[in-house]
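Enquirer: Take a look at the letters that make up each chain.
Protein chains: 4
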Amino acid sequence: MSFNTFGKIFRFTTWGESHGPAIGCIVDGCPPNIAISQKDIQFDMNRRRPGKSKFTSQRKESDKVEILSGTFQGKTTGTPISMIIYNEDAKSRDYETIKNKFRPGHADYSYFLKYGIRDYRGGGRQSARETAARVAAGAIARVALKKLLGKRYKVTGAVIQLGLLGCKKDKWNEKEIRKNPFFCPDKEAIKLWEKYLLAVRKAGSSCGAVIELRASGIPSGLGAPIYSKLDSDLASGLMSINAVKGVNIGAGMNAAILSGEENSDEIINIKGKTKFKSNKAGGILGGISSGQEIIASFAVKPTSSILSSRETINKKGKNTKISVKGRHDPCVGIRAVPIGEAMMNCVLLDHYLLNRAQCG
Amino acid sequence: MSFNTFGKIFRFTTWGESHGPAIGCIVDGCPPNIAISQKDIQFDMNRRRPGKSKFTSQRKESDKVEILSGTFQGKTTGTPISMIIYNEDAKSRDYETIKNKFRPGHADYSYFLKYGIRDYRGGGRQSARETAARVAAGAIARVALKKLLGKRYKVTGAVIQLGLLGCKKDKWNEKEIRKNPFFCPDKEAIKLWEKYLLAVRKAGSSCGAVIELRASGIPSGLGAPIYSKLDSDLASGLMSINAVKGVNIGAGMNAAILSGEENSDEIINIKGKTKFKSNKAGGILGGISSGQEIIASFAVKPTSSILSSRETINKKGKNTKISVKGRHDPCVGIRAVPIGEAMMNCVLLDHYLLNRAQCG
Amino acid sequence: MSFNTFGKIFRFTTWGESHGPAIGCIVDGCPPNIAISQKDIQFDMNRRRPGKSKFTSQRKESDKVEILSGTFQGKTTGTPISMIIYNEDAKSRDYETIKNKFRPGHADYSYFLKYGIRDYRGGGRQSARETAARVAAGAIARVALKKLLGKRYKVTGAVIQLGLLGCKKDKWNEKEIRKNPFFCPDKEAIKLWEKYLLAVRKAGSSCGAVIELRASGIPSGLGAPIYSKLDSDLASGLMSINAVKGVNIGAGMNAAILSGEENSDEIINIKGKTKFKSNKAGGILGGISSGQEIIASFAVKPTSSILSSRETINKKGKNTKISVKGRHDPCVGIRAVPIGEAMMNCVLLDHYLLNRAQCG
Amino acid sequence: MSFNTFGKIFRFTTWGESHGPAIGCIVDGCPPNIAISQKDIQFDMNRRRPGKSKFTSQRKESDKVEILSGTFQGKTTGTPISMIIYNEDAKSRDYETIKNKFRPGHADYSYFLKYGIRDYRGGGRQSARETAARVAAGAIARVALKKLLGKRYKVTGAVIQLGLLGCKKDKWNEKEIRKNPFFCPDKEAIKLWEKYLLAVRKAGSSCGAVIELRASGIPSGLGAPIYSKLDSDLASGLMSINAVKGVNIGAGMNAAILSGEENSDEIINIKGKTKFKSNKAGGILGGISSGQEIIASFAVKPTSSILSSRETINKKGKNTKISVKGRHDPCVGIRAVPIGEAMMNCVLLDHYLLNRAQCG
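Protein chains in written order, with the working numbering: chain V, 1 to 360; chain P, 1 to 360; chain Y, 1 to 360; chain D, 1 to 360.
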């Protein structure tokens, strides 16, 4: 119900503005006795952190997380875990020139009409800086699920399309994802992507991306029909990420062009184990996990802050032009990978606990 | 939180199985003093009802809704509105042959693993019959919004892709949608669609569809960042519809291939009114409605019940084959149009009320 | 969040008006595979049913519950359980004379001001008839908890004070409670209570009552600090019962006059089992069950519908007088016993599931 | 749903342990454009602060609140307001001696059994220190309601009973409440209270208290039947305060001994205004505010930390004795006054917004 809270049993609430003193979150409902350290969380934070390559925003944030509550002697106590991340490199002056204008594609206009007031510095609350707090929450979910489900549990995200360029998904290589600055799973695609994105950046333009998430080591039975379906909650969680415009589960939008035969994943028993001959469903049937790998993907629109001059209006409703300078990612989709993983981790832990509640 | 409840302020809870005595829903949080009649609701029910053409299931249900509470002298009282729809044409015998087998693509397997028990008759709770109850709830939302926002308020859905066949969206014609059995907005596409679907049906196969929803007459300011974004709640609502695998807002998945210039909708003032030069955002910026038309689309996978023989296992885990007879829609996507509209109506009313709560 | 829903995981939503066609509820989140029959539920319904003695309302309702969904072959399936109870003896004419007046002590006035419309027939939604639906939900909770916790699990309620008359709590006798029409636990008090209530009734007046609930066979660990404390949720649930004005946990309001020594229940180990030397806490410490018997009590105000003429105003704001005839309980507190038990059962099951979610 | 969150639209989530680095809360759903300063909040913090007189704990905390987000240029923006209060005077060594023992009357035992781990330093999360965070949230609610309802809006709490000593409620004097260290409304009672509490303290014992809250300037129509009744939510909120064991609305537990005539508040029109001849209902009818003053009271049990030696067990289940030294309030009820007010402010704002949502 809460506007800034996500989840049912495992819930996190985020707070903070791009250019305020800090941002953070409270994680509530985490199981007790989970060993968790600042390092576990920082690991994911660093993967999302800006300023690491020439392909992301040059804002320099160490994004150091501090845990303020909810752990004792290195373990969760079952009480709320409060985490804080100080803003270090907020350059509010950059935003003086746009404080009375609405940037096209941004939420400046809709925030102003809704609330009658807006913190224009760096986008305030609408800034993707908020997603750092989710990544912190997601790290806790990840650690908890590793303990609850075992080491087989894993969520991996990758950029499978960068603007106009795709990659070969059958070349999916997890080690490769961790090595290149694009989270690209296909080693062969990288060189072209690099050239492409440099060109986009040089042109002062931006491009979108598609991210795919794969989760494995998950038992069947997670997800609660009808309105807490696992895919429904994933869709909600992924669509809540800044700039996301589309969400697919399994075959996703492409399911529309499949035949009934192609789409329904046949089931077989191989040496006493249930297997599926394909995974068009993305591991979810009727909103409940089937035990297969869970696969979701989402599209991130191109960064709205571009150098090109764009038409817009100002607060008084007068026509004007705008060109956004500041420090921006040419493709926000890249840094969306750890954010998508975080949301997947959180949704899965939440549903693990929900299922344990009802079904034991 | 509740598994079978959707919404925050305007909430509905559905209940019932495909082959039980009845299905229904409770609508809670509806504003008082809204004139509403059984006819208003029946109108939408009839649009979803099966058995109306050779392109949908031959199950004969009058789908007559009875209002059991929450209205007095023709008006809502602000108390819960309970509605019931009796099941009339449930042929449970059809399901005897499959009661120990898991139909591929259906939720038989995942329900059984989750709950350890399943009502196999017509799919029980996983049946798309549940969606009739949402349509009843959506009708109330529609009537309430017409009163709150005025007659300009409107939600229209259409099938824009039937299996492999598209249509021309620039030929979108609302009258046409109401006339043909496919909810197709483009008159010219119909003939081909008809032939195609008859062929699919004859082959004992099935196909998917893409449905687009357009809502107009909506003020800016609806939607509450971060985790109750309008698009996030739409995604959750649409993904909760049976067989839906993908959800787009505005440009959706295609946003990934647009440039920053193409994607950001420029804003202009024309004679004192704010206009946008395009609508890639689908009327939602930062999770908040901008006043533009709200556009969402979703993909429905092909009906899983097909005549072709498919491999599967039985309850004992033994390999076996299955061929689903029964009475099924060759394309469940068609009847998803009024269901999608219902979800859109419900989400919009809910957010109208939420926004009124916080922002007055 | 929902106005007419109670609970978090085990949730019920009630609907219906006193003089509408029916009332009912949906129970969501019940664990699957619980054997439950209509009889199990009817047993509790009959204990609440009016018209059984001269000390309760003469309205004749068989209060027969029908289960419409959520069970299959006699067991819960984990899907929503819809139950309906038809209204049989609604005499709406009785209310014609008061339809434009506000009965003092009733919610006529506040409903009208809130909603601008009210169903005056029998109080509409504000009628205590709504509580029948909770009793049905509570019966399911009771059966589920018996299965989950074993036969030791038990909730027993009794009237410990009838208007000005108390009883001896150390004479608490469960068999006696089931025998007398007052749910009085002390055999010796009954005769006087009978005379007293007949006198109250004859005078056209009414009296209040205090009900005590005792729950045993409950493990420690139920209850989730800070805002889902077991006592906090019990207080909310009991206070939501019509006409309840006060709720105590353990020593309750009397805790204020105890010394620190008297109040803190000492803990001892007797033959390997933890025992408490007293139970001032009512079995709840810091919002979490301690394993002791859980004890709560609540006060029900005297029936507001009395024969005596009372001053009031009508819908136009004019001063007038009112004397409520109809058929009313001289002490609504008596029938509140099974209702209180129902709320206790529901809160305990909900917290059992919540605790299982977080702590396994 | 969330364990550490209170409220529906106006929601706050608290975090932090007694001896951790800090405590705090996030306030979500606050209306935008409310002018609010750190001073507004500090005002209430100071009223709850320990160490101000010899009658409260000698722990020295400045309880300085910092606002970290959600305001811009002195006004709320509609986004989450994060507040932090650093712990300054935590003496964890005091707790070394009791780390393996369960203090009777405290939640040591139940926390340990629930979570299998507990932060024993100062009670960790179970400490009443948590209530500082609610007071901060309540201050925001108070300021918002003043803006929304006008200056007539006011909530005043007072201690009306201190252990065995009462006071004359007809001598209720708001100025007096602000002057004496007991929040006592009756000037004449103070001298005796002072002597009494000094004696209790000297004896190393403790005593309980009853606090009464009065709220005025509230429109009719707040409160949403059936399960979000205003009194039900107040009961939940007040019972969630540490050490509270009983909650009354209006006549409360005493309603049981009133006659129907005494209890039902007659309604009259005086010069065009609706008045009630009495207020046994405490301003709430059927869960909805009637426009009268809202009156609630609650009992706080005596401080469980006392010098007297008490029997208990240790973590290994062995019998032992305990005597709690540390720095404790001889009557925690006194400092509960601003906490009760805070909960009342929060509940009222939440219901104001909820009512605006549904009824406009």
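No lab work stands behind these hints, which were simulated from the structure alone. Hints may be right or wrong, so weigh each one.
As the list claims (entries may be wrong) - Which residues of chain D face chain Y? A partial, calculated answer using Cβ under 8 angstroms: (1) 21; (2) 22; (3) 105; (4) 117; (5) 240; (6) 258; (7) 274; (8) 285; (9) 303; (10) 306.
Claimed, not checked - List of simulated lysine-lysine pairs, DSS-like, C-alpha gap at most 30 angstroms: (11) V/318 to V/275; (12) Y/277 to D/321; (13) D/315 to Y/315; (14) V/321 to V/146; (15) P/64 to Y/91; (16) V/99 to V/147; (17) V/146 to D/315; (18) P/169 to P/52; (19) P/52 to V/275; (20) Y/154 to D/99; (21) P/75 to Y/99; (22) P/273 to V/315; (23) Y/315 to D/275; (24) Y/318 to P/315; (25) V/321 to P/273; (26) P/191 to V/318; (27) P/321 to Y/99; (28) P/191 to P/154; (29) Y/318 to D/321; (30) Y/325 to P/91; (31) V/316 to D/147; (32) P/64 to P/154; (33) P/52 to V/273; (34) V/315 to P/271; (35) D/273 to Y/325; (36) P/60 to P/318.
Beta carbons: idealized from backbone N, C-alpha and C, even for Gly.
Enquirer: Indicate, hint by hint, whether the structure satisfies it.
Expert: Results of checking the hints against the structure:
| no. | hint | in the structure |
| --- | --- | --- |
| 1 | 21 | violated, 19 angstroms |
| 2 | 22 | violated, 16 angstroms |
| 3 | 105 | holds, 3 angstroms |
| 4 | 117 | violated, 11 angstroms |
| 5 | 240 | holds, 4 angstroms |
| 6 | 258 | holds, 6 angstroms |
| 7 | 274 | holds, 6 angstroms |
| 8 | 285 | holds, 4 angstroms |
| 9 | 303 | holds, 6 angstroms |
| 10 | 306 | holds, 4 angstroms |
| 11 | V/318 to V/275 | violated, 62 angstroms |
| 12 | Y/277 to D/321 | holds, 14 angstroms |
| 13 | D/315 to Y/315 | violated, 64 angstroms |
| 14 | V/321 to V/146 | violated, 51 angstroms |
| 15 | P/64 to Y/91 | holds, 28 angstroms |
| 16 | V/99 to V/147 | violated, 47 angstroms |
| 17 | V/146 to D/315 | holds, 29 angstroms |
| 18 | P/169 to P/52 | holds, 25 angstroms |
| 19 | P/52 to V/275 | violated, 39 angstroms |
| 20 | Y/154 to D/99 | violated, 34 angstroms |
| 21 | P/75 to Y/99 | holds, 17 angstroms |
| 22 | P/273 to V/315 | holds, 13 angstroms |
| 23 | Y/315 to D/275 | holds, 14 angstroms |
| 24 | Y/318 to P/315 | violated, 71 angstroms |
| 25 | V/321 to P/273 | holds, 17 angstroms |
| 26 | P/191 to V/318 | violated, 49 angstroms |
| 27 | P/321 to Y/99 | violated, 66 angstroms |
| 28 | P/191 to P/154 | holds, 28 angstroms |
| 29 | Y/318 to D/321 | violated, 68 angstroms |
| 30 | Y/325 to P/91 | violated, 51 angstroms |
| 31 | V/316 to D/147 | holds, 27 angstroms |
| 32 | P/64 to P/154 | holds, 24 angstroms |
| 33 | P/52 to V/273 | violated, 43 angstroms |
| 34 | V/315 to P/271 | holds, 16 angstroms |
| 35 | D/273 to Y/325 | holds, 28 angstroms |
| 36 | P/60 to P/318 | violated, 35 angstroms |
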